[in-house]
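With chain A's structure known, arrange chains B, C and D on it following the hints.
Chains as they are written, first to last, in my numbering: chain A, 0 to 519; chain B, 283 to 939; chain C, 6 to 173; chain D, 4 to 103.
Keep in mind the hints are simulated off the structure, nothing from the lab. On a predicted model such as this, the values are computed, not experimentally measured, just so you know. Where a beta carbon is used, it is the ideal one built from N, C-alpha and C, also for glycine.
Simulated crosslink set (DSS-like; lysine-lysine; CA at most 25 Å straight-line): (1) B:Lys447 - A:Lys437; (2) B:Lys447 - B:Lys864; (3) B:Lys309 - A:Lys443; (4) C:Lys29 - D:Lys90.
Cβ-to-Cβ under 8 Å is the rule here; a few derived chain A residues that face chain B: (5) Pro227; (6) Tyr288; (7) Met294; (8) Ala366; (9) Leu381; (10) Leu400; (11) Phe403; (12) Ala410; (13) Gln429; (14) Leu434; (15) Lys470.
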Amino acid sequence: MFLTFLTFLPLIGAIFLAFIPKHEEDAIKQTALAIAVADFLLSLQLYADFDTTTAAMQFTMDVPWIEAWGISYHVGLDGISLLLYIMTTMLTAIAILASFGIKKHIKEFMMAMLALSTGMLGVFISLDFFLFYMFWEFQLIPMYLIIGVWGGQRRIYAAVKFFLYTAVGSLLMLVAIIWIYFHFHKTVGVFTTDIMLITQQINLDMLQQKWLFCAFFLAFAIKVPMFPFHTWLPDAHVEAPTAGSVILAGVLLKMGTYGFLRFNLPLFPLASVEFLPYVCGLAVIGIIYGALVAMMQEDLKKLVAYSSVSHLGFIVLGIFAFNHYGLQGALLQNLNHGITTGALFLLVGMIYDRRHTRLIAEFGGLAKVIPVFTVCFMIMTLSSIGLPGTNGFVGEFLILLGIFQNHMGFAIVATGGIIFAACYMLWMFQRVMFLEIKNPENEKLTDMTPRELCTIIPLIILVFWIGFYPKPFTKTFDASIQHLITQVTPKDHQGSQEPHASANTDVKLAQADAGSSGSH
Amino acid sequence: MSFVNLAFLVPLFPLIGSIINGFFGLKIGKDRVSWVACAGPVLSFVVTLILLVSIFFHPEGTPYPEQSLFTWISAGDFVVDFGLQIDPLSLVMMMVVTGVGSIIHIYSIGYMYKEYSYYRYFAYLNLFLFSMLLLVMGNNFLVMFIGWEGVGLCSYFLIGYYFEKKSACDAGVKAFIVNRIGDFAFLLAIFGIFKMFGTLDFSTVMAAAPTTLIYDSEAATLITLALFIGATGKSAQIPLYTWLPDAMEGPTPVSALIHAATMVTAGVYMVVRCSALFNMAPLTMMIIALVGGGTALFAATIGTCQYDIKRVLAYSTISQIGYMFLACGVGAYTAAIFHLVTHAFFKACLFLGAGSIIHGMNNEQDIRKMGGLKDHFPITYVTFVISTIAIAGIFPFSGFFSKDEILYHALMDGNVIYWGMGISGAFITAFYMFRLVFMTFHGPSHVDPQVHPHESPMAMTLPLIILAFLALIGGLLGIPLFHGWHLLHNFLAPVLAFDLETALHASERMLAEHGHHTSFAEVLHQAQRTSHNIWLEITLMLFSIGVALAGIATAWFFYIKKPELPGKLSKGQWGFDLVQNKYYIDELIDEALVKPIVKGSDLLWRQADARGVDGVVNGVAQTISLFSKIARSFQSGFVRNYAMFMVVGFIILLILI
Amino acid sequence: MELLIFYPLALVSVGLALGVVLNKNPIGSAVCLIGMMLGLAAVFVLLQAHFLAILQILIYAGAIMVLFMFVIMLLNLRDDDKIWKVRERNIWLSSLTGAMMVGVLYKIIDIIAGAEFNAPAKVPDEFGTVEMVGTALFTDFVLPFEVASILLLAAMVGSVVLAKSKVD
Amino acid sequence: MVPLTHYLILSATLFSIGVLGVLVRRNAIVVFMCIEIMLNAVNITLIAFDRYLNQHDGQIFSFMVICVAGAEVSVGLAIVIALFRNKPTVNLDELNLMKW
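Next comes chain A alone, as it looks inside the complex (with noise of 0.2 Å):
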């Protein structure tokens, strides 16, 4: 019940908020932060009374929604899921506190944003596929409407194309979800939607695993921008305001990644180590590609939009190195660029907001100007960069040695990835901060506003927290980690899939144990 509330408290606010006068700005503004910040406060509740020895859901919560169709509202936090949903919670109160800017509107923004938590919330805890669908499109109106209404010039073409992209991914999933629900009434003989039960009951062979793999396996490649698909990125981002960058880097791309988690690999095990080479060859491709590309760019959104593809290229890489440093570590990685990229966005917003451009020869010289952005901006570089001690090595390394043990080949390439990712961010750096002021705006430049100060301070400490002592962090994920590998594993070694001798149990034994095993 706690979760349900955490994750509709938002929705609530955003209502409540619709109430104020819209001349009231400061009123809504604080307001809207009131409502993050304490959703992100209760969520560290979570944490703590998180219990890291069972890999089985907790704060589960399960009611049948719609009878007939056996579609219950059932949500629940693992491993996996557990911080990915404080992070959200915790990128939204910053995104809002970033978005004090706003000019026009800004009632309408801060109830998109709310709402927009909400789908993301949703999206995390949800354990049933028709819930999960449900969530996974509602995320994407207020996203649309962000990018779509307070974003730059070409924001519609931006924000049509980034919702059409995903809506068209997430179309195929909807039919291998309908296609499942079928197949497990055929199988099983139950109708329901339940992802649980239906991972321990469904028993596919290897053609029917094949391609339900490819339908879910685009909707999320779409959504982690894996290499072909990636091209909505870098127009979302450099269209989209600040607060829209930084959420969408932040959570929108972990979704992708969560997807694969959640569904790919324990849907589909054989499939999964089957497509292997394929999907870490995309993997690597993104890597490089990224990289390069994000060499040339010459607006900063850009360069960093394509640089998280080449980091979400590393954290698809961990996942499907099915070992449990690469998988600690593709977790771990999500966190970290969450914080680094989502800083980064924070930071270009602010130098966009002085400025109003984003290209980087508009720039030079900062550092003399602003020292206290310098260093902040130098401290997300590095972490971006991966240097041992920030965030970013710890999850980058974990990923490369994981993948390393079974395929040295792809590990390889991606290691040499890091090299150009720190060509790319220093020279970009370079030209952005040092030199000498060619334009004379830019001496007049203020420092930055402890507001600003507020947005990316807690970040930078979980920069060099995670660096240092990454462990309560990763302690969460073993549990899960453990049970993912036993699902993606065993059943390999097993050869072709034994029948279930489980399927003609009772089925409602099942679903009982499923609903109530996760402790309140």
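Relative to chain A, chains B, C and D alone:
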């Protein structure tokens, strides 16, 4: 009583110093900044001394103490804790780093006093010391890697200290990226080691090396080769050395500390630390020796024709490190460390001397505009000459002992080619070092009038004196010939002990399991054949002194007796301007690597991304709108057309029935 | 024997129908249409559908054609000379339909030839009279009859509203 | 006795002439006439079958057809007059405003 729990203090002091200076530098004023900055290294030096003393009481045979502060990364069975190790090897390095480090800190107070962002310089310098100490004291590969990249980062900051200058920024970025290429190979080596040994702790890996790695097996060679490439990245050897000469853009004390004494020797330290692994891979050892010798010779030749005082010293550093790798290549690890220590002393002294000249001649670096500065810079002149004699390798000075030991081992353990490279390198070194001395201090004064050179203040000359003294007596650490007098050898023996015998037998057993029986008997036999006869060593020593003196004589002849000769000689020579422009290596790399990548990625972005992938996406959108345009044309508004369609439809239906 | 009467009638009505289509002057085509209507009425008589023949003459030839003539006069249309300049754009369209028309005719003939319609049943002689059709109309088909009346009423109101000149 | 097929052929020819007239002619009034021809063609078949099957349904139906034709012509011509008022032409090619 074990003082090992003091170990964490050594890196901690510079870290605290760097944080204080970094954040509160402007507020606490220059004097306090310099106090805080110097306190860090000096305190670390004191603690290192204590640890050094405590290591002597350490009982023989037992493993050296390690202090693990906290578990850093733990993923399943891969547990890495943030540990520091105190053993003779790391102590020697710590002594060098903190000792030379604190001297250079004191020196740079004087040198950098009039800089605006004074605090930023010291913050970076202290951070550098922190990372270097981490690199040296780490007890597993990962902590070493933190130091490894941290040191690369600080050198990026310090080279790019004058960030207004484009050349400085470019040099900084170039240094970081070339180091990063080295780190790429180092990372791969770490993954390989973890895959082979299952752990990254030095103690376990080095102990298990003979039994798990098969002698001269492909895995051993690959891992050690990757480690060596990492080392070349950091220590500026043949393939990845281009960043060091450009790194001279940074302030001179930085060059002294980073590009002479500490950072560039990190590669050597790493190779010596993993000596157990390298001993198992003779192919890599041969490569190391060849690269080392080659670099020594190659860099020395370039050094002869440089006109910037710091560039000459930079190339001489590359060449000297080449010697250290040559020593490692033939297995004489103690000789490499010995040369590392002595090199730290006299090279730091040379750089600081050059710094004081530049400081005195208000930032004039071109030696053609100097000359006859002997009387303007008395102390600098004396210390500079002492260090130059040391580097040339003349008898009582430290350089002679360490270089001669390397040459001796190169001949005995290696082969004549290595020795030949070494000795010709020594000759050229003596030549270009004394060319530098003669051109700056002796001969007619080409100093342009409004520059009036003056000796540097006490704060700068005192370090010079200390370093010169160390360069003088450094040789005592490793007196050859007499048994047991080689202090360093005895000190490092327990760490570098390696029993080839058992390693070969273990490899034979492992190969036997895989079914192909090879015997390493002749390898064993060849290793034990070299006897140690005194007379050969003495003759070698005399020969190398003679070579050094010949180098000095030729330099004297060229630059004092007939100053116009080099000018005339170099005019027409094709070879000369080839060497003058550093064999066009930089331009070659630019052309071969940098430009294609830049052009390729630009092509990748504009064509592949904007037109290719995006094209497909927009293409889909356009085709759909095309279809809708066609469909729209049917609605022509003419009633007759609609009738037509009706009739046509009706007729088709009729036909079909 | 009746064929002797049928063939000329059929030829006359087809010729007049062609006349309607090909005539340059609307008045001319209207007159041809009236002639065709009368020809058809004769055919209906031949089929012993006397009531309908009368209706045909009375309503079709009488009322509707008069309406046509009236509207042509009202709008005093010149003969549009461009009748034969068929727009070049859809020349191949009309030729296509022409070909199709021939195809359809052939198809119909082919079907009809196959069927055995030729021997019509013996029909009581007062078959098509008004009384017979009237009884059928008012017994089985009362509802359609009423619906037809409403339809006509609606058509009247509609045409009046449409055609009256805008007073306001 | 006149075989039924003759009537059907007659009706088919008249019908196709009507259709051709509709397609070819540009004058709205003539198009209406051609539609009348098509309707008459339909009536012939109805009555011919009626006569052949000895029932009265066909005739009733053609009676209905005549009613509808009457209504259709009146409304059609009213529309043509209305159209004529705002644009002095009856040529169908110029009346193409009704498009999407």
